[in-house]
Amino acid sequence: MTAVQGSTSTTRPESRQMLRHFLGLMGKSVFTALVLAFFVIPVLWLVFAPFDAHPGLNVKLPEFTFNNFKVLLDNPTAIASLGNSLILALGSMVVVLVLGSLASYSLSRVKIPGRDLLLYTLLLLSSIITGTAAMVPTFLLMVKLGLIDSQFGVILVLSGGILPTVIFILKDFMDSTPKSYEESARLYGAKPLRILWDVVIPLARPGLATIAVWAVVQVWGNFLVPYILLRSPSKSPAAVVMYTFYTEGGQPNLALISAFSLLFSIPVVAMYFFVNRRYGFRFHGGIKS
Amino acid sequence: MPAPAAGTGPSRAVVDDGDVAGLGKARAMAFLAPALLLISLFLVFPALWTLYLGLTNYRLSGSAAKNPQFVGVDNYINALSDDRFFNSLGLTLLFVFGSAVIGQSALGFAIAWTMTRVRKSVRAVVEFFVLLAWIIPSSVTTFLWYAMLDRSNGTLNAMLSTGNTAWLLDYPLQSIIVFNTWVGTAFSMLLFSSALASVPPSQLESARMVGAGAWAQFRDVVFPHIRGHVLTNTLLITLWTFNTFTPYLLTAGGPDDRSNILPIFIYRLALNDGALGQGSAISLIMIIINLVIATVYLRLLKERKS
Amino acid sequence: MASITTRSLIKEYPGGVRGVDEMDVTIHDGEFFALLGPSGCGKTTLLRTIAGLEKSTSGSIKIGDREVTNMEPGQRRVAMVFQDYALFPHMSISDNIAYPLKIQKVAKAERHSRAEEVGDKLSLQGLLERRPGQLSGGQQQRVALARAVTSRPDVFLFDEPLSNLDARLRLEARTFLKKLQLDLGVTTVFVTHDQAEALALADRIAIMRSGKMQQLGTPREVFQRPANTFVASFVGSTSMNLLKGNVADGGVMIGHQKVALPADAVGRVGDGQEITWGARPEYLDISLDPVHGGLEGTVTVSENLGASALITVELTGSGEPVQVVVSEDHEPGIGTRVWVTFEPRRTLLFDAEGLRIGD
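Protein chains in written order, with my numbering: chain L, 1 to 289; chain P, 1 to 306; chain U, 1 to 359.
The hints are simulated quantities; they were obtained by calculation from the structure and are not laboratory data.
C-beta: ideal position from N, C-alpha, C; glycine also.
Incorrect hints may appear among the rest.
Straight-line Cα separation of at most 16 Å, EDC-like style, residue types lysine to aspartate or glutamate; simulated pairs [said to hold, decoys possible]:
id, chain 1, residue 1, chain 2, residue 2
1, L, Lys111, L, Glu63
2, U, Lys178, U, Asp203
3, L, Lys179, P, Asp150
4, U, Lys244, U, Glu320
5, U, Lys55, U, Glu67
6, L, Lys179, U, Asp351
7, L, Lys60, P, Asp150
8, P, Lys302, L, Asp52
9, U, Lys55, U, Glu22
10, U, Lys55, U, Asp21
11, U, Lys258, U, Glu343
12, U, Lys121, U, Glu72
13, P, Lys302, L, Asp172
14, L, Lys111, P, Asp150
15, U, Lys62, U, Asp24
16, L, Lys191, U, Glu67
17, U, Lys258, U, Asp183
18, U, Lys179, U, Asp203
19, U, Lys244, U, Glu353
20, U, Lys212, U, Asp351
21, U, Lys55, P, Asp19
22, U, Lys258, U, Glu296
23, L, Lys191, P, Asp19
24, U, Lys258, U, Asp271
25, U, Lys55, U, Asp84
26, U, Lys62, U, Asp29
27, U, Lys244, U, Glu72
Calculated from the model, a selection of chain L residues having no Cβ within reach of chain P, i.e. all distances over 10 Å [said to hold, decoys possible]:
id, residue
28, Phe64
29, Asn75
30, Lys111
31, Ser126
32, Phe139
33, Leu156
34, Lys179
35, Leu224
Derived, one-sided and incomplete: chain L residues facing chain P with beta-carbon distance under 7 Å [as the list claims (entries may be wrong)]:
id, residue
36, Pro62
37, Thr65
38, Ile129
39, Thr132
40, Gly160
Just chain L, same shape as in the assembly (with noise of 0.2 Å):
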């Protein structure tokens, strides 16, 4: 910024100008390496232990090997458990989706008398009535219901949690497409349901997508639910059986856990910043929760 100096005032001012500058200058970068280090720092050991012959508690260059994941590989609790998480994120995902499409195309295309107090106690239900919240009676619920112990009860649970917001966005997302498209398909005489599959769900893909995208994300990184509605090891996600990985000795099995928490991580990750960059993450009223 160039303030418009008096011709006759030169140097003082303008020494100053430069000294709060460079003040400036070092404060920010100053501020940016501490930042980069509190936010790197951490992460380097899941970037250097997979891969160390040796892994220690401490961030250290590694002496490179694959050997880590071999260790991994050779066990069996940890593939499946690996395995598990796809089954809870993909099942909660493929739910979310279905179900939620279909409730937010008809509040989004037809007044239902209550619509909008519907919506709002919606959105007021799932930001109050959290995992941790409702612990309590949700584990009794499923007790009651036999399904402890059961991966379709924690799709169950982690799909009604997530639902209300699916719903909100994707109406949101409905509600911003043009409806010429819907009339034009109907003065042809398509049907209802020809529409919805003609043009809506492919009008909506980009919302569908990133909703699938989230629904992964959210279902895939949770502990609190599995881990109190899952007994069965063999049943448990990636989240929980991480904490199990322990060697005779009582230490972590940290050649285990880091080739583990690399090979847990890097899906999510991905999905997120294939997202982000393909469509664009932007708020809807606060997406992670």
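Using the hints, position chains P and U against chain L.
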């Protein structure tokens, strides 16, 4: 040409009755029903049940598991006269204030603000790493911090030359505050970045044209634009931080309950010690606090929309 | 092919606002018909009610001899081109054009060849495998037309068909549209807020305001003999001069100046009656020398229109502005004293309610 007297008829946006595909109310209800059923069963019902459970002496095992007795408001009285509850509530307040209000909000804003005035490449790198902390599954991030803070091999002690400080044992609350700040700053950063980006450059330029300095530009142009965001951001992250269970994986509430924030307190009380009734009572208190925050938040959102 | 008849058609919205109020129109077979009016006048509502996208509150609609009032839109045999064209972005141009046939369960090969045939007719050769997003605005409009043509409807409905095109393209598309309609001979109703578009395209124009019909006539009729002051000021690229005055001594007093009675009004008005005198700027001229029966005034503004100029004359005495279109050769300087002249048969009188006096 003078504009012809505009008709008083309604505009198209107002008249739309919306049902463009001819779905009809009955079919719309049928589309809506499965989702509502799932939500009622697994979200609404548990919340309502908490109300009832909180009034019983329900236990995970033993005789009270078979035949829970109605005990009225005893659980609430117990909770409200229990030192452990108030210890937990106090810790939660400190935790929320420290990691959400101060940590995530302030740091998130500072980063967003600084990143508007650095090179694009630097900005991309910084934003990537801040986001990474947010995206990596919580089981992994807690382990990363467990490793960072380890007494004998931790990177932090090595960096600060603080010997064998056992951070998780000596400073458990501070540790989870820093951890939660680290995890959650991304949201505030993103929100404030988009808020800052929405400040019209023409307004900043007009301010500069009349000679406003950096501070005056911030106060008179930038701040009025982001004021609403500051409030909504604070409420949202307060809500999330208040409900996070992740610190359990770092300290499990210990040592000696010194990081026993409410979610962890409830988990240990209800599912470890089996006092489901008491746990429910405290859950309800939590839901009520959530309700207050969420109501304020939604009201603010509505105001901003209209 | 068919005519369209509406009888006492009413579309009322919750709250009692009437989008269409007691509409009786007959649109002839093969006619190119315009619904013209300012935004919110109900023209689009009428079009959508004919299409069946809005349900009428009462009254009836017939297309040909079929009563369609309670029919589903898909059964009415109408095709509509929307303002935004509503081309499905996820389908190729060919699939878009053939979509009506897909609904009619026509076999794929047949669909393809019909799409190609129609595409040829609308000069869309070579574009059929593209997506709508890759086409220009003018091409998109032709695709929307092609899709409408494919369904072989009894009636075409166009909602602001030219408004999404930029100014130069719009003229081109206008000519194209008029020729297409002439070739196909299908009854066509289109909605526009642009009076020039309506005058240029339509065989007949219905001018609407607040859901009510103001005038129905050929472009020449609505231009030369507007039914009321609303139509007078809405139609025409420069709006009609409307001056308050009253009848005296077989003439019209405007301020203290007297002009001759319009031909239509002779014998229909009495002395002292309050009226509005109207004259189109295009039908007025100026003289630098005093003219008996002309309006005296001073030139205050001059706007260049290309081959002509629109000048504003402030009348001596009343100070009221009168606009006149003069050819480029006779453009007077600002401040010039002039006399506005006219032929009485080109001027109009409106009564106190704003209705034109005469037949």
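Next on the checklist: Would the hint linking Lys111 of chain L and Glu63 of chain L be met if the CA-CA limit is 16 Å?
Outcome noted: Violated, because 64 Å separates the two Cα atoms, which is more than 16 Å.
Item to check | Straight-line alpha-carbon gap Lys244 of chain U to Glu320 of chain U, limit 16 Å | outcome: holds (10 Å)
Checklist entry - Regarding the pair Lys258 of chain U and Asp271 of chain U, is the alpha-carbon distance no greater than 16 Å? => result Distance of about 13 Å is within 16 Å: holds.
Checklist entry - Is the hinted pair Lys191 of chain L and Asp19 of chain P satisfied, with a Cα-Cα distance of at most 16 Å? => result Holds. Lys191 of chain L to Asp19 of chain P sits at ~13 Å (cutoff 16 Å).
Next on the checklist: For a C-alpha distance cap of 16 Å, please report whether Lys258 of chain U and Glu343 of chain U respect it.
Outcome noted: holds (14 Å)
Next on the checklist: Would the hint linking Lys244 of chain U and Glu72 of chain U be met if the CA-CA limit is 16 Å?
Outcome noted: Between Lys244 of chain U and Glu72 of chain U the Cα gap is close to 50 Å, so the pair fails against 16 Å, i.e. violated.
Checklist entry - Given the hint that Lys55 of chain U pairs with Asp21 of chain U, does the C-alpha gap stay at or below 16 Å? => result Holds. Lys55 of chain U to Asp21 of chain U sits at ~14 Å (cutoff 16 Å).
Item to check | Non-interface label on Phe64 of chain L, tested against every C-beta of chain P at 10 Å | outcome: Fine: 20 Å to the nearest Cβ keeps Phe64 of chain L off the interface.
Checklist entry - Does Leu224 of chain L really sit off the interface, with its C-beta more than 10 Å from all C-beta atoms of chain P? => result violated (5 Å)
Checklist entry - Leu156 of chain L: least C-beta distance to chain P exceeds 10 Å? => result violated (6 Å)
Next on the checklist: Lys62 of chain U and Asp29 of chain U were given as a pair; does the straight-line alpha-carbon distance stay at or below 16 Å?
Outcome noted: OK: Lys62 of chain U and Asp29 of chain U at ~12 Å, within 16 Å.
Item to check | Minimum Cβ-Cβ distance from Lys179 of chain L to chain P exceeds 10 Å | outcome: violated (4 Å)
Hints 1, 3, 6, 8, 12, 14, 16, 17, 20, 25, 27, 30, 31, 32, 33, 34, 35, 36 and 37 from the earlier list are contradicted by this structure; the remaining hints agree with it.
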